[in-house]
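Read top to bottom, the protein sequences are chains L and G.
All residue numbers in the first sequence are consecutive under my numbering, ending with 191.
All residue numbers in the second sequence are consecutive under my numbering, ending with 1181.
Hints were generated in silico from the structure; no laboratory data involved.
Check each hint, because a few of them may be wrong.
Calculated lysine to any residue pairs in the SDA-like style (CA-CA distance at most 25 Å, straight line) [claimed, not checked]: (1) L/K34 x L/E110; (2) G/K1033 x L/D112; (3) G/K1033 x L/I52.
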Amino acid sequence: MILRSLFAALLGLLIGAAAALFLVFGPVEFGGVKVGPWRTNMHIGSPDAPGIVRSIIARRGLLAMSREETVYFSADADSEGRALDEACDYRVVFTTQPDARWWSLTLYAEDDFLPVNGLEAHSVSAQDAGDQQSFIVTVSRQRAEGFWVSPENGGAFNLTLRLYNPSEAIVADPGVAVLPTVERVRCGGAS
Amino acid sequence: MIRWLIPAAAGLIGLILGFQLMLGALPGFIMSKAMERFESLGGIANEEGHAPPIDETARSVVRPSPDILYSGCLFDVSNGPMTVTAPAPSDGGYASVSFFDSRTNNFAVINDRAVEGGSVRIILRANPGFDSHDDSTGYDADTVIMAPTDTGLILYRRIWADPGAFEETDTDRRRFDCSLG
Chain L
1 MILRSLFAAL LGLLIGAAAA LFLVFGPVEF GGVKVGPWRT NMHIGSPDAP GIVRSIIARR
61 GLLAMSREET VYFSADADSE GRALDEACDY RVVFTTQPDA RWWSLTLYAE DDFLPVNGLE
121 AHSVSAQDAG DQQSFIVTVS RQRAEGFWVS PENGGAFNLT LRLYNPSEAI VADPGVAVLP
181 TVERVRCGGA S
Chain G
1001 MIRWLIPAAA GLIGLILGFQ LMLGALPGFI MSKAMERFES LGGIANEEGH APPIDETARS
1061 VVRPSPDILY SGCLFDVSNG PMTVTAPAPS DGGYASVSFF DSRTNNFAVI NDRAVEGGSV
1121 RIILRANPGF DSHDDSTGYD ADTVIMAPTD TGLILYRRIW ADPGAFEETD TDRRRFDCSL
1181 G
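Model the full assembly from the supplied sequences, consistent with the hints where possible.
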């Protein structure tokens, strides 16, 4: 029985470690605050983050600042919950600029780095928007007029919206942020 | 029945232990890999480095921002404090210096709004522990920060969104400095 117990403990140890690795490195998203297709976690950069959250943040948002300084929203699906796909075109529709001192919208490939496509169309920022409050950012492999980011070679890409020095209301509750919708326009020629 | 209960309990304890141990180890492991990458790119402990503008070839840290110029340094305050000088942008744009311990915690951030004059001078020192007298006076600095761990990483972020102003912005951010003492 001792041998059997030792074997069971060892097996449990391995399964437990594997489960932790799957949760951190696998395609799993949980917890946090949701605003439409956008998600953020209150514990980013915080020393009081629970173990699983801290590990996921270390993998996907290493060196991110605490939310008092910057709130990071990310979206890996459109406003109807369909996973973002480089084969599709999207419109990111801002009805107002995010309530922060400065913001940027950046497209990352599914490996969480900038997609390699030679187009240098990875982001749009407050500087680009200027005084405009209502505007659209086109996400498409084909070059578009106006604000445009390209998902080419991004696979199941994701979007990150950084709010630097966000308003006090957003720091207290990121759920109150007014953020753009992400609308799928067409996929492979079909709408 | 006890023949199976004891192994089952041992398995369950092993499962929980394995899960918690792995979660406890991962942030430190991921951070150490990031620090190794920083060193492989020429980064030296207690000395600043200035990353080139972020483009699609940047592969050191996930989700780099192409709108930001990054400078940074690895710190090791085990043998004494470190002095960090962070410039405030002359154009009024956003900049910040953030401090990360060896377990990825962002234990301090200072941004340009907190800077009076052209730059802020920060002393980073080892945490004396709970049983030592915490004396942060006597330093020639605007602020003194205690590091929860002896090693870690400091990152200076400077917004760079106007391609036409790159040279001026780049020159300005290179005033970011880390040095022992």
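The hints, checked one at a time:
1. L/K34 x L/E110: This hinted pair holds, its Cα atoms lying about 20 Å apart.
2. G/K1033 x L/D112: Between G/K1033 and L/D112 the Cα gap is close to 16 Å, so the pair holds against 25 Å.
3. G/K1033 x L/I52: holds (19 Å)
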